[in-house]
Amino acid sequence: MSRIVIDEERCKGCLLCAQVCPKTIIAASSRFNAKGYKVAEVPEAAKDKCTGCAACAQMCPDVAIKVWRSVKSKAKEND
Amino acid sequence: MSCQPDIKEELVFDRPAALADVPTHYCPGCQHGVIHRMVAECLEEFGLVERTIAVSSIGCSVFLYNYILVDTVEAPHGRAPAVATGVKRARTDAFVFAYQGDGDLASIGLAEIMHAANRGERISIVFVNNTVYGMTGGQMAPTTMIGQKTTTCPAGRCAEREGGPMRMAEIIASLDGVAYSSRVAVDSVKHMAQAKRALRRAFEVQVKGEGFGFVEFLATCPTNWRVSAVAANERVAKEMIPGFPLGVFKDAAKED
Ligand SMILES: Cc1ncc(C[n+]2csc(CCOP(=O)(O)OP(=O)(O)O)c2C)c(N)n1
Ligand code: SF4
Ligand code: SF4
Ligand code: SF4
Ligand SMILES: [Mg+2]
Chain C
4 MSRIVIDEER CKGCLLCAQV CPKTIIAASS RFNAKGYKVA EVPEAAKDKC
54 TGCAACAQMC PDVAIKVWRS VKSKAKEND
Chain S
1087 MSCQPDIKEE LVFDRPAALA DVPTHYCPGC QHGVIHRMVA ECLEEFGLVE
1137 RTIAVSSIGC SVFLYNYILV DTVEAPHGRA PAVATGVKRA RTDAFVFAYQ
1187 GDGDLASIGL AEIMHAANRG ERISIVFVNN TVYGMTGGQM APTTMIGQKT
1237 TTCPAGRCAE REGGPMRMAE IIASLDGVAY SSRVAVDSVK HMAQAKRALR
1287 RAFEVQVKGE GFGFVEFLAT CPTNWRVSAV AANERVAKEM IPGFPLGVFK
1337 DAAKED
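Respectively, the protein sequence lines represent chains C and S. Letter by letter, the first sequence follows residues 4 to 82 of the numbering used here. Letter by letter, the second sequence follows residues 1087 to 1342 of the numbering used here.
I should point out that these hints are in silico values taken from the structure, not numbers from a laboratory. Just so you know, not all the hints are guaranteed correct.
A short, non-exhaustive set of chain C residues, derived as facing chain S with CB atoms under 10 Å [what the hints assert, rightly or not]:
1) C14
2) G16
3) S32
4) D65
Note that the Cβ used here is the ideal one computed from N, Cα and C, for glycine as well.
Generate coordinates for the entire structure from the input sequences, incorporating the hints supplied.
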């Protein structure tokens, strides 16, 4: 499963990531960080829709998003 | 491990090592941050980090040296191209770029940028046009658009009184010493890919000794535009790009 991790202490809640996500799975959470910004999140129920495209991460002015993309293992039986 | 899943994951996006892992002072949605990341990525791609000397300017990006991990000279307002000229001539082996806002470059520093470009200095300029003096509270800049309200033109910029917005990428392209001049935006994934290519080329012309490299980034200043970050980003496509067309206005490689 592809996924993103938002560094909540870096997030400024601008929601530019949400604006460009092709799956529209990013939204404002109900949490505030130490600086008082309402941080962005991918709600639990939408997590499996992430394709790992990294549009959100490229858009983030605070470089607060890391993206992991799932890759099918070529040698499953050797694992 | 016996229970290892058959799907593995790969880290496909992380911050470049040349971009300090620290919070920035920029407002939410301010695109200086995106442009800093692209600069850091390009320096790494070209293997230039160790021999780069940056020149930062006066404006919100004044603390560039805290974010991009290269040696930096802080220039007086508008004088970054003159300082960069001195640095490059003294240290011809160094990669030298200046990072300037539109107030810095197109207003108080207009003479310095024009002459450095005209001389064909082997330097690269990262020009961030957000149509206002961001740092000082959103006064009108030479790049403010017709009708745009700022603190010094509260009724909107009037062409008859204040002239029209200066299109610096086109003006710079008209000078003989310039090897590359283009305008890009970072408001969408597609535009960011184009922006990255342009920045690479603006750096490459210096590395190859072809001449002066210039790239104008259209960027947001949500705070002084007094809109949300999302609305500011939408304004780039709706209002800025029609007045400041994206494109390559000069490329030495395509002339011969
Ligand atoms: C000699 C001098 N004059 C004026 C100022 C005040 N000043 C600081 S930043 C700035 C304008 C910055 O605008 P811009 O270059 O567009 O950068 P931005 O903050 O928008 O990124 C001005 C006029 C100064 N610091 N020094
Ligand atoms: S990686 Fe792509 S799909 Fe996943 S959250 Fe980011 S923009 Fe959306
Ligand atoms: S773009 Fe970055 S700072 Fe803005 S809401 Fe998304 S994660 Fe937070
Ligand atoms: S005032 Fe404008 S340019 Fe300066 S940090 Fe805030 S949004 Fe960015
Ligand atoms: Mg400005």
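Unsatisfied constraints (hint numbers, rising): Hint 3 alone not satisfied by this model.
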